[in-house]
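So the sequence shown is numbered by the working numbering: it starts at 8 and just counts up by one.
Simulated from the structure, these hints should not be mistaken for lab results. Hints may contain errors.
Cβ-Cβ distance ranges computed for the label pairs, FRET-style [said to hold, decoys possible]:
| no. | residue 1 | residue 2 | range |
| --- | --- | --- | --- |
| 1 | Cys68 | Lys122 | 37 to 43 Å |
| 2 | Lys122 | Asp54 | 41 to 47 Å |
| 3 | Thr81 | Ser145 | 25 to 31 Å |
| 4 | Cys37 | Asp82 | 24 to 30 Å |
| 5 | Arg213 | Cys84 | 29 to 35 Å |
| 6 | Phe215 | Pro70 | 28 to 34 Å |
| 7 | Ser42 | Glu206 | 31 to 37 Å |
| 8 | Arg92 | Val133 | 16 to 22 Å |
| 9 | Asp54 | Thr20 | 22 to 28 Å |
Just so you know, even glycine gets a beta-carbon here, dropped at the ideal spot from N, CA and C.
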Amino acid sequence: PRWPALPAMERTTVLITGCSSGIGLGLAACLAADSARRFKVYATMRDLAKGERLLERLGGCCPDTLEVLQLDVTDPCSLAAAAQRVQGQRLDVLVCNAGVGLMGPLETCSDQAMKTLFDVNLFGAVRTIQAFLPAMKSRRAGRIIVSSSIGGLQGGTPSTLWRREPRGRALVLRCGCAPGLPFNAVYCASKFAVEGLCESLAIVLRPFNIHLTLVECGPVHTSFLANLQRPDPEGSEMR
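When you get a sec, could you build the whole thing from the sequences and use the hints?
Below, the structure written as structure tokens:
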């Protein structure tokens, strides 16, 4: 007898921003390479030319569990195109990971450098959530994961222990930290803003069965420091 074809295993669909390097690249590669093929990953980045790094991590080929998309979180048109690409598919998990850093004495940080930082770290997260949240709300299901930083925490006692702190339906992964990060005032300000955004948003997402997870990362071995913005993009030296 001829047996009917079994339906394909339902995969968890994940879209990740900021996958050209660091945490985003590592997460996309890990999920796409899952031996049980449980995930369909949309790995997005501003510059698709940098997608080669991700493919190298996966052995030089793109598995059918991965699709690399162009997405610039500062560009509404780019976000709309990415949202259109995944339209009609169930997006289970949205990972807002794109971010930039800015280090230096406050008086050396130009207006443009500070605006660029907030445009990516805060407003980029806002735009990304706005683009994909309506579909999650209509389906009344989803998970949003936002990369924050220990730089977005208020002062505390130094610690090496991780704590899981549920807040309503928001789950905060928090690492103990010293109060303040010298020469990171503007970066920390952007992450404090992300904290307020997520903790407030989590409350109104409860009735829609949408869970929000805020990940407050400590030091991670990535190219983040190498990619820091110049405090003054016009080129004047720090004094």
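| Can you give the numbers of the hints that this structure goes against, from lowest to highest? | Violated: hint 2 alone.
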